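A.B. asks: The primary structure of each chain is shown beneath.
There are 2 protein chains.
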Amino acid sequence: MSRIGRQTIKIERPVYIRESAAIVGVKEGEGPLRDSFDVVLTDDTLGESTWEKSESKLQKKAVFAALDKAGLEQKDIDYVLAGDLINQCIGAHYCMRDMDIPFLGLYGACSTMTESLSIGAMLIGGGFADNVLCATSSHFCTAEKQFRTPLEYGGQRPPAAQWTVTGSGCAALSSEKGIAMITHVTSGKVIDKGISDLTNMGAAMAPAAIDTLIAHFKETGFKPSDYDLILTGDLGHIGSDILIDLMGREGYNLRNIHNDCGKMIFDGEKQDTHAGGSGCGCCASVLCGHIMNEFKKGNLNKILVMATGALMNPMIVQQGESIPCIAHAVTIEKEVQ
Amino acid sequence: MSRIGRQTIKIERPVYIRESAAIVGVKEGEGPLRDSFDVVLTDDTLGESTWEKSESKLQKKAVFAALDKAGLEQKDIDYVLAGDLINQCIGAHYCMRDMDIPFLGLYGACSTMTESLSIGAMLIGGGFADNVLCATSSHFCTAEKQFRTPLEYGGQRPPAAQWTVTGSGCAALSSEKGIAMITHVTSGKVIDKGISDLTNMGAAMAPAAIDTLIAHFKETGFKPSDYDLILTGDLGHIGSDILIDLMGREGYNLRNIHNDCGKMIFDGEKQDTHAGGSGCGCCASVLCGHIMNEFKKGNLNKILVMATGALMNPMIVQQGESIPCIAHAVTIEKEVQ
Numbered sequence: 001m002s003r004i005g006r007q008t009i010k011i012e013r014p015v016y017i018r019e020s021a022a023i024v025g026v027k028e029g030e031g032p033l034r035d036s037f038d039v040v041l042t043d044d045t046l047g048e049s050t051w052e053k054s055e056s057k058l059q060k061k062a063v064f065a066a067l068d069k070a071g072l073e074q075k076d077i078d079y080v081l082a083g084d085l086i087n088q089c090i091g092a093h094y095c096m097r098d099m100d101i102p103f104l105g106l107y108g109a110c111s112t113m114t115e116s117l118s119i120g121a122m123l124i125g126g127g128f129a130d131n132v133l134c135a136t137s138s139h140f141c142t143a144e145k146q147f148r149t150p151l152e153y154g155g156q157r158p159p160a161a162q163w164t165v166t167g168s169g170c171a172a173l174s175s176e177k178g179i180a181m182i183t184h185v186t187s188g189k190v191i192d193k194g195i196s197d198l199t200n201m202g203a204a205m206a207p208a209a210i211d212t213l214i215a216h217f218k219e220t221g222f223k224p225s226d227y228d229l230i231l232t233g234d235l236g237h238i239g240s241d242i243l244i245d246l247m248g249r250e251g252y253n254l255r256n257i258h259n260d261c262g263k264m265i266f267d268g269e270k271q272d273t274h275a276g277g278s279g280c281g282c283c284a285s286v287l288c289g290h291i292m293n294e295f296k297k298g299n300l301n302k303i304l305v306m307a308t309g310a311l312m313n314p315m316i317v318q319q320g321e322s323i324p325c326i327a328h329a330v331t332i333e334k335e336v337q
Numbered sequence: 001m002s003r004i005g006r007q008t009i010k011i012e013r014p015v016y017i018r019e020s021a022a023i024v025g026v027k028e029g030e031g032p033l034r035d036s037f038d039v040v041l042t043d044d045t046l047g048e049s050t051w052e053k054s055e056s057k058l059q060k061k062a063v064f065a066a067l068d069k070a071g072l073e074q075k076d077i078d079y080v081l082a083g084d085l086i087n088q089c090i091g092a093h094y095c096m097r098d099m100d101i102p103f104l105g106l107y108g109a110c111s112t113m114t115e116s117l118s119i120g121a122m123l124i125g126g127g128f129a130d131n132v133l134c135a136t137s138s139h140f141c142t143a144e145k146q147f148r149t150p151l152e153y154g155g156q157r158p159p160a161a162q163w164t165v166t167g168s169g170c171a172a173l174s175s176e177k178g179i180a181m182i183t184h185v186t187s188g189k190v191i192d193k194g195i196s197d198l199t200n201m202g203a204a205m206a207p208a209a210i211d212t213l214i215a216h217f218k219e220t221g222f223k224p225s226d227y228d229l230i231l232t233g234d235l236g237h238i239g240s241d242i243l244i245d246l247m248g249r250e251g252y253n254l255r256n257i258h259n260d261c262g263k264m265i266f267d268g269e270k271q272d273t274h275a276g277g278s279g280c281g282c283c284a285s286v287l288c289g290h291i292m293n294e295f296k297k298g299n300l301n302k303i304l305v306m307a308t309g310a311l312m313n314p315m316i317v318q319q320g321e322s323i324p325c326i327a328h329a330v331t332i333e334k335e336v337q
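Protein chains in written order, with the working numbering: chain B, 1 to 337; chain G, 1 to 337.
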């Protein structure tokens with residue numbers, strides 16, 4: 001039994017991130033991480049007539065790019081684990097329609113990237129698969145129209161609002177050697193601390209991140225300083241400040257070890273992105289682009305990556321409910337110590 | 001390696017369905033399977049002010065009923081695997097908010113019940129968990145307003161339309177002895193044969209069922225006659241006829257061995273349910289109620305259950321796309337031969 005705590009398992013059989021690919025939109029390509037992506041779009045429509053079709057095509061491009069970089073073909077892949085934010089996850093489904101691979105659909109909102117890595121690592125670690133693709137995407141224009149206001153409305157964004165990343169990432173997990181290994185998986189519980197402000201997702205998601213992070217440290221025995229980087233998915237500036245503050249009160253100093261994909265992907269001052277990036281594609285494109293490049297360069301040896309998701313829809317919040325959230329964490333290591 | 005084919009794995013470590021529970025609405029409680037459910041509601045609102053909250057409460061009641069019947073507490077459960085049809089799966093999320101169990105969210109539309117059993121069996125079979133809850137739900141009123149027309153509109157239903165089941169089922173999987181075992185898992189690919197009629201889901205889903213079923217027989221070496229029952233999730237009358245017809249042409253005679261949860265749950269003539277029941281809760285409530293009871297009574301020894309899902313949303317069909325579908329199959333056996 002590889003369970004080492006209520007929420008944490010240790011993956012005993014080696015599971016590698018063999019390769020990964022990240023594709024982003026125009027605005028993301030103008031941000032600080034521009035050189036880390038495999039493709040920066042010059043047209044966020046990708047030539048499609050609707051934004052939903054654009055996002056699905058974006059995810060498909062990321063999946064094919066990851067396959068290509070990993071030197072694998074569709075027939076080599078045992079499962080694709082994927083999902084996205086669009087109602088009924090059509091970004092993933094219309095991507096997968098054109099592929100010939102068994103598919104298991106996930107919904108974890110913006111936690112999807114690490115949810116897929118968690119399940120993927122268990123499927124390989126359990127001996128059920130040799131190669132698994134983990135993919136997700138988001139698109140600013142599908143998210144705005146579905147979760148907020150029609151694009152044409154030009155609604156004002158409050159300072160706590162985040163900017164949904166147009167981007168997709170795909171990681172090819174494998175039982176064979178790769179860039180780095182997934183060694184521990186800490187799965188989140190659904191946490192709702194009563195935040196009901198749809199324009200302050202960072203504050204809603206931070207308690208879920210804290211819950212999973214404390215479980216991870218307690219159950220693994222790791223300290224923050226055991227990591228080169230503790231990377232959250234898309235808490236953004238406000239959620240990250242809450243995380244660092246409240247984790248400090250619990251005795252965990254994250255101040256110089258934490259970063260957040262939503263803080264990293266945009267230059268907030270120049271790009272007018274308020275509290276930072278968000279969306280499934282935020283963690284996916286930063287992890288599958290910049291972070292895995294840093295592993296390749298030898299600049300990172302051991303990180304914890306924890307994508308966070310807000311699990312509401314706009315209607316249930318209009319019905320008076322607050323926002324339940326979740327965070328799934330995985331340890332990625334260059335080599336097992 | 002327990003992989004025996006492109007889409008099929010054999011679960012080597014014993015995985016049991018320890019117990020299960022099914023709760024349904026008023027109309028389902030008037031159908032032929034009325035005596036097989038743990039609870040038949042007398043009020044489909046469950047005392048809630050919105051249908052979404054009603055569905056979430058329904059799923060929660062099924063989860064607690066399964067825990068209770070299994071003699072387990074929340075602390076005994078390693079993961080809940082759940083999802084539903086409502087946008088962003090809020091049925092599952094607002095259920096899980098009140099629980100203290102690691103959660104992995106799934107989206108497989110009406111295939112969710114067997115998707116959750118598939119992943120759950122792998123998590124236990126791989127040594128990552130001892131107890132996993134697999135749950136899903138649907139509610140006629142959440143589905144009508146979201147996928148079709150407002151209830152108050154009173155739209156006419158064409159003969160090929162199915163009736164979304166108000167129901168929820170939860171299966172408690174365990175590494176310890178139970179009612180029956182999950183021995184094989186055949187995971188589906190996303191199949192789209194070009195059907196774009198949202199009122200004929202059976203026809204859209206049948207090709208996915210056929211694809212998975214043929215893979216299952218080829219990869220396991222099983223014949224239809226090896227099973228006491230081949231049970232599909234919610235193809236309904238039209239989809240079932242297509243399945244039997246086209247499988248016959250492929251050399252597999254399912255005529256006396258197949259049934260469909262959507263055909264079983266309603267008396268179509270008396271209950272005006274046209275092509276039969278549908279929704280995640282259709283397979284979930286029939287499997288977790290009637291079918292598991294039949295295993296307990298000794299009337300079933302080996303079945304294949306395969307829930308089918310239509311992976312579109314209404315908007316993408318309005319945008320001119322057809323309906324991609326998927327089917328996941330699991331073999332449930334009283335005792336391994």
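Please keep in mind that the hints were generated in silico from the structure rather than gathered at the bench.
This one's a predicted model, so the numbers in the text were calculated from it and none came from an experiment.
Wrong hints could be hidden among the right ones.
Identical copies go unnamed one by one, so any copy, or any two together, can satisfy a pair.
Quick list of in silico lysine-lysine cross-link-like pairs, PhoX-like style, CA-CA up to 25 Å [as the list claims (entries may be wrong)]:
1. Lys10 to Lys145
2. Lys297 to Lys75
3. Lys270 to Lys218
4. Lys297 to Lys193
5. Lys177 to Lys145
6. Lys297 to Lys218
7. Lys334 to Lys75
8. Lys10 to Lys75
9. Lys302 to Lys10
10. Lys218 to Lys75
A.B. asks: Go through the numbered hints given earlier and state which of them the structure violates, listing their numbers in rising order.
C.D. replies: 1, 2, 3, 4, 5, 6, 7
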